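Start from the sequences and build out the full structure, keeping to the hints where you can.
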Amino acid sequence: MCVALVLGCLGLVVAPMAQGVVYGPGTMTISPASIAAGSSWKTFTLRYTAPSTGKVSGAVAVLVPTSGDTATAFGPVPAGTNVTVQPGTCTSAALATTAFTKTSRTTYPGDAPGTQINTVVNCPAGAYFTLTYKSSSTPRKAQGYTFYTTVAAVPIKTQPVETVVPRSAVSLAVTAPATVTAGTPFSVKVTAKDTYANTATSYRGTIGFTSSDPGASVLPAGYTFTATDKGAHTFTGVVLPTAGPQSIVAKDTVNTTITGSATTVVVVYTAYAWGDNGAGQLGDGTTTNRPTPVIVGTDAHWASVRTSYGHTVAVKTDGTLWAWGGNWYGQLGDGTTITRSTPVQVGTDTHWASVAPGGVHTVAVKTDGTLWAWGDNMNGQLGDGTTVTRLTPVQVGTDTHWASVTAGYAHTVAVKTDGTLWAWGYNWNGELGDASTTDRSTPVQVGTDTQWASATAGETYTVAMKTDHTLWTWGWNADGQLGDGTTTDRHTPGQVGTDTHWASIAPGDTDTVAVKTDHTLWTWGYNGFGQLGDGTTTDRHAPVQVGTNTTWASIAAGEGHAAAVKTDGTLWTWGANVDGQLGDGTTTDRHTPGQVGTDTHWASVTASQYYTVALLRAG
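Per my numbering, residue 85 is the first one in the sequence shown, and the count goes up by one each step.
For the record, the hints were derived by calculation from the structure and aren't laboratory data.
From a predicted model like this one, the values you see are computed outputs, not experimental measurements.
Even glycine gets a Cβ: it sits at the ideal position worked out from N, Cα and C.
Treat the hints with caution; some may be incorrect.
Cβ pair distances, simulated, as ranges [stated by the list, open to error]: (1) Gly419 / Thr571: 39 to 47 Å; (2) Thr671 / Thr632: 50 to 58 Å; (3) Thr671 / Gly299: 37 to 45 Å; (4) Gly228 / Gly681: 54 to 62 Å; (5) Thr129 / Ala281: 27 to 35 Å; (6) Gly362 / Pro261: 35 to 43 Å; (7) Ala311 / Gly228: 15 to 23 Å; (8) Gly581 / Thr532: 17 to 25 Å; (9) Thr671 / Ala562: 44 to 52 Å; (10) Gly431 / Gly228: 54 to 62 Å; (11) Gly299 / Val472: 21 to 29 Å.
Pairs of lysine-lysine residues, derived as DSSO-like cross-links and limited to a Cα-Cα distance of at most 30 Å, are as follows [said to hold, decoys possible]: (12) Lys500 / Lys273; (13) Lys218 / Lys273; (14) Lys650 / Lys600; (15) Lys126 / Lys218; (16) Lys550 / Lys650; (17) Lys314 / Lys126; (18) Lys600 / Lys500.
So this is what it looks like as structure tokens:
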């Protein structure tokens with residue numbers, strides 16, 4: 085028989101001998117059962133007891149592999165100086181050791197290359213022997229190291245475990261995102277570490293936070309670790325407002341030598357716009373069309389921006405809401421019907437999460453999950469149960485579970501946190517997806533599915549994606565914009581093909597642009613201006629791939645043109661260009677994607693009726 089002792093995966097391995105007699109597996113214990121990482125304890129004793137129903141005789145090998153910590157592996161010394169065999173109640177005359185030999189085991193889970201000690205035993209039924217191993221070092225890596233015993237190649241099912249436990253905490257490891265957006269909440273994880281970088285699960289200290297950001301106003305409050313934390317805790321809602329590299333420092337308030345820090349680059353975004361500017365929708369203080377990008381004001385703290393049919397809305401990193409452009413129906417939400425050629429703040433609230441403009445109405449979600457709407461309401465698109473135009477935001481119902489919202493020309497679609505889909509407003513083409521063509525002035529649920537991840541409204545149709553990355557469309561389909569291979573309107577959601585790799589979708593007027601999870605670009609629908617980007621002006625009723633590039637990151641579709649940002653931060657546009665909406669300095673249509681300038685710091689882009697707006701990383 086052969087028995088192997090594995091620290092890292094310690095095992096007893098049977099070595100066949102012609103004269104050996106084996107009666108079933110024995111039992112085994114290990115002492116000590118637990119040691120501290122990197123401790124001075126280097127002696128481990130294995131006790132093997134023969135089965136009560138029979139004797140065990142034959143060769144025994146003790147395997148000592150690395151511990152998983154190469155700097156302090158259980159290191160053997162020359163044979164005879166660190167291995168002691170005591171016969172116990174076995175036959176002492178039959179016990180002897182031989183020299184170490186290099187070996188490796190793959191028979192047992194976790195076994196690694198190591199060294200092997202050989203000995204011979206002859207144990208009557210129920211008798212035992214012990215083997216004491218004195219290592220030249222102890223492991224620093226905290227984990228459980230399991231002993232395995234085999235007799236005639238049959239492992240014992242219940243095995244003893246040698247556990248290396250962490251030492252007390254001496255430092256804190258702080259983990260934060262590499263980059264964060266100024267003013268936007270993010271998470272920070274703090275982990276207590278021992279001398280050897282193991283997680284100190286017994287840590288119960290109280291920590292406080294500081295930051296190099298002079299404007300840091302939202303840092304975690306003092307926190308005392310509990311047993312449930314097991315040495316690690318994640319703090320949410322951290323906010324840093326100042327651009328540039330900023331540190332976040334965690335320090336034990338009692339033992340001030342236990343500290344840790346992380347650096348994150350706080351980024352801000354400048355808004356640029358180009359194309360049609362008849363209503364001041366570019367936000368540059370004029371009504372002059374621009375064939376190349378111009379900066380929107382001087383602020384560099386935009387978090388998100390969205391365009392529509394002549395008005396633009398945006399949220400800043402401080403949670404404030406801003407709007408500019410056409411305002412004939414109060415769609416800017418500033419209480420007037422005055423057109424604005426520069427951004428104006430909508431109220432004083434600092435809790436706006438996202439905003440979406442429609443034709444001449446606007447909808448938004450706050451950080452508390454409430455839904456708000458304003459502007460034209462002729463078809464009930466505000467969802468407040470009336471058809472009354474609103475010049476300032478009004479809350480839609482009392483629900484606090486809205487996750488996202490999108491607006492078409494006169495209809496609105498939203499997803500709740502429970503994955504349900506809701507729609508209201510204009511429904512002549514079935515764009516609400518409720519199997520009717522009846523306008524709705526309050527939200528109605530679209531089917532009963534609870535797997536909706538996102539939805540985006542086109543002019544008179546809707547596209548949405550489920551959590552399984554399938555793509556669904558409904559509404560007007562005269563130009564094949566639904567992508568289902570037909571030009572038939574659909575009044576309920578229908579799946580686009582069978583693909584389960586859709587990542588994002590952008591519907592335009594009568595064409596759709598999408599990106600898959602492999603970063604390929606796909607388009608379909610009307611193509612009279614080359615807005616599908618496939619080099620033709622041929623309509624497509626089902627998705628076609630645009631080129632072979634696999635670096636597309638984000639997309640936007642306007643009325644006759646499209647735009648996209650690649651993973652390298654470059655910006656590309658194609659399609660109609662009569663008002664300079666492609667941003668390439670011309671008014672010439674383009675049937676394939678063309679790069680806008682040479683900048684490689686574009687973050688996102690949005691497009692609408694004859695103009696485009698994008699965010700450029702600053703700071």
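Results for each hint:
Take Gly419 and Thr571: their Cβ atoms lie about 43 Å apart, and the range 39 to 47 Å holds. Take Thr671 and Thr632: their Cβ atoms lie about 29 Å apart, and the range 50 to 58 Å is violated. About 43 Å separates the C-beta atoms of Thr671 and Gly299, a value consistent with the hinted range of 37 to 45 Å. At roughly 57 Å, the beta carbons of Gly228 and Gly681 sit within the given window of 54 to 62 Å.
Roughly 29 Å separates the CB atoms of Thr129 and Ala281, a value that falls within the hinted 27 to 35 Å. At about 40 Å, the CB distance of Gly362 to Pro261 agrees with the hint of 35 to 43 Å. Look at Ala311 against Gly228: about 19 Å separates their beta carbons, and that is inside 15 to 23 Å. Separation of Gly581 from Thr532 is about 23 Å and conforms to the stated range, judged on CB atoms against 17 to 25 Å.
A beta carbon spacing of about 27 Å between Thr671 and Ala562 contradicts the range 44 to 52 Å that was offered as a hint. A C-beta distance of roughly 58 Å is found between Gly431 and Gly228, which places it inside the suggested range of 54 to 62 Å. Checked against the hint of 21 to 29 Å, the pair Gly299 and Val472 fails, with Cβ atoms roughly 41 Å apart. Between Lys500 and Lys273 the alpha-carbon distance is near 28 Å, which keeps this suggested pair within the 30 Å criterion.
Our distance criterion of 30 Å between C-alpha atoms is broken by Lys218 and Lys273, whose separation comes to about 39 Å. Pair hint Lys650 plus Lys600 holds up; C-alpha atoms about 13 Å apart against a cutoff of 30 Å. For the hint linking Lys126 to Lys218, the alpha-carbon distance of about 6 Å falls within 30 Å, and the restraint holds. Taken as a hint, the Lys550 and Lys650 pair is honoured in the structure, with Cα atoms around 24 Å apart against an allowance of 30 Å.
Restraint check for Lys314 and Lys126: the C-alpha separation of about 27 Å stays at or below 30 Å, so the hint holds. A threshold of 30 Å between alpha carbons decides the hint, and for Lys600 with Lys500 the separation of about 24 Å falls inside it, so the pair holds.
Hint compliance for this structure: hints 2, 9, 11 and 13 are broken, all remaining hints hold.
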